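What follows is the residue order along each chain.
2 protein chains.
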Amino acid sequence: MNFHQYNYTEPFQLENGQQLENLTIAYHTAGTLNPEKNNVIWVCHALTANSDVFDWWAGLFGENDLFNPKDHFIICANVIGSNYGSTNPLSINPITNQPYYNDFPVVTIKDYANAHQLLADHLGIESIHLLIGGSLGGQQALEFTLLNKIKVDNLALLATNAVHSPWGIAFNESQRLAIEADATFYENKPDGGTNGLIAARTIAMLSYRTYEIYEESQKDDNQVYDYFKASSYQKYQGQKLANRFNAYSYWILSKAMDSQNIARSRKSLVDSLSQIKSNTIVIGVSSDILFPTTEQKFIAAHIPNAKYVEIDSIFGHDGFLVELEELNRVLKPFV
Amino acid sequence: MNFHQYNYTEPFQLENGQQLENLTIAYHTAGTLNPEKNNVIWVCHALTANSDVFDWWAGLFGENDLFNPKDHFIICANVIGSNYGSTNPLSINPITNQPYYNDFPVVTIKDYANAHQLLADHLGIESIHLLIGGSLGGQQALEFTLLNKIKVDNLALLATNAVHSPWGIAFNESQRLAIEADATFYENKPDGGTNGLIAARTIAMLSYRTYEIYEESQKDDNQVYDYFKASSYQKYQGQKLANRFNAYSYWILSKAMDSQNIARSRKSLVDSLSQIKSNTIVIGVSSDILFPTTEQKFIAAHIPNAKYVEIDSIFGHDGFLVELEELNRVLKPFV
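Which chain is which? The protein sequence lines are U and E, in order. Under this note's numbering, residues -16 to 318 are what the first sequence spells out, in order. Under this note's numbering, residues -16 to 318 are what the second sequence spells out, in order.
This is chain U alone, in the form it adopts within the complex (with noise of 0.2 Å):
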């Protein structure tokens, strides 16, 4: 895919009445805008991800996937507040000259849906074929829809919620506190906070994953008393995070992710699902203890032209990314 950096020189409004100037919009695109402009992908990432779907969506996304550049349009955002070239908390704050850090104003997934929409504005697209999201992708999919700015025909929400559960917030706040456990967190350093962002990470994956996924893969033997794989598990994936991340950016991304509840500024949940016109697949995995199925259930019960499918998987949350025969399977309508 290729990558785009899109510059916004007007003061951009966040919902907690404070603005970022100068904000950049990274995005990456694949393919091109067909003369009838109905070949648009959009695609919003979870957590952690950058926006080349390629490298993380592989298998679904790519020259020769499901979703490939010869057939359609594919554009991806890099949501506020991540390292990945949008503007984020080691950006220079124009303000100060001085790079965010902890002075990066708390995002919400309304925010990011606005951003989505300027650069949807920027790119001249009217419409989108199929806008197509997890988790926190899945709650931007849903707020950029709700914006009702543009034309969604199809949209596909995967293992996310119209409303961030208090569950969901208290698995955020665990991991925000073992940030801010590490005092060097507050020492404004672009490696600030590293160890509680090991941490940090190690907690999400309990969320991402399950027991038995646990089980299966770092089973000891029965001699062990100590230094269990496991524990090197927990470990490997928290430095291997931290090599690719950062902690500032990481704490403002679980806010945004915590703010989701599209009934907030508007009626009711119920009510702003049920005015959702978009031919709409709602995919929850059977084993997700992070977005049980419930929420999608909730949200496919709703919109009026929506149908819920559930992944029969081991994988928990993260099945969303892994089950990629069964994405393929489901999704293929959508093409």
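I should point out that these hints are in silico values taken from the structure, not numbers from a laboratory. Among the hints, a few may not be true.
No distinction is drawn between identical chains; accordingly, a pair holds when it is met within one copy or between any pair of copies.
Stated by the list, open to error - Distance condition first, Cα-Cα at most 30 Å in a straight line; then the derived DSSO-like pairs of lysine-lysine:
| hint | residue 1 | residue 2 |
| --- | --- | --- |
| 1 | LYS202 | LYS290 |
| 2 | LYS212 | LYS202 |
| 3 | LYS202 | LYS280 |
| 4 | LYS280 | LYS212 |
| 5 | LYS218 | LYS172 |
| 6 | LYS202 | LYS250 |
| 7 | LYS212 | LYS250 |
| 8 | LYS290 | LYS218 |
| 9 | LYS260 | LYS202 |
| 10 | LYS315 | LYS20 |
| 11 | LYS172 | LYS134 |
| 12 | LYS132 | LYS172 |
| 13 | LYS132 | LYS290 |
| 14 | LYS280 | LYS132 |
| 15 | LYS223 | LYS260 |
| 16 | LYS223 | LYS202 |
| 17 | LYS280 | LYS134 |
| 18 | LYS212 | LYS134 |
Computed from a predicted structure; not experimentally measured.
Fit chain E to the given chain U structure using the hints.
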């Protein structure tokens, strides 16, 4: 209950090869040993509890409860490493004349069983009418029974396992990583690692409770975009533990839980369970995600004289402490 401390003057051999000098075992008792010496109820406590069972299991244990000092001689010993009176990381290491802090040796559930046996010998107890414990307490009860030095007539194992799962170890590892992210943990002072401990406890809460309980008790109205109840609740629970515990003890106790494997130094899990002669009840909580009911069903399936009872509850792992009405009902035959 009455508080006691037993000072064992010989070196106490640990499973990892090290020795503890001057082992102190703190314990509570209530009631008196009857002349027939057949009224002992021995309780093993869970991770952060003390040995005052009337304090944390009121409604099941107390002056007028199912298990009471009129009928029973109730004993509970504080585990090694815990800061409720037994030798722990804040105790003075007689070799250095300084507190152990991070130099405290890794202790295992087998070490706990040996310490219980020392105390039983000290008290002249040769048979136990009922040995009971939940979670880490159930792990100890299994190992204590398998020492086979004391006659255990009845055994009640609640929300526990015969081998700690990779999932459970991963949950504990995330908690230790949160503690270690707080650099004050390495400063070896009584309140070292407090912010990490706060984060760790909030992670544990997620494993003790359920999505449903958070949904029921921590739901905000639809207009909130920050400062959610679930965030406050996590912080409150973390601080509450930090007020009564220390990071060094917590770290050591979590390692002890990880060590649970009754097959270690024995033939196999199944063979070990098949050796148990006690009349056994194994109790699971339907919504427990930390010690799922498959683990208790496994135990019950392989102890010859065991039955499995499931408590239907949305409280998750904490159900073994909270569902007192059900516990009274199912434990009544063991009075």
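Hint numbers contradicted by this structure: 8, 11, 12, 15, 18
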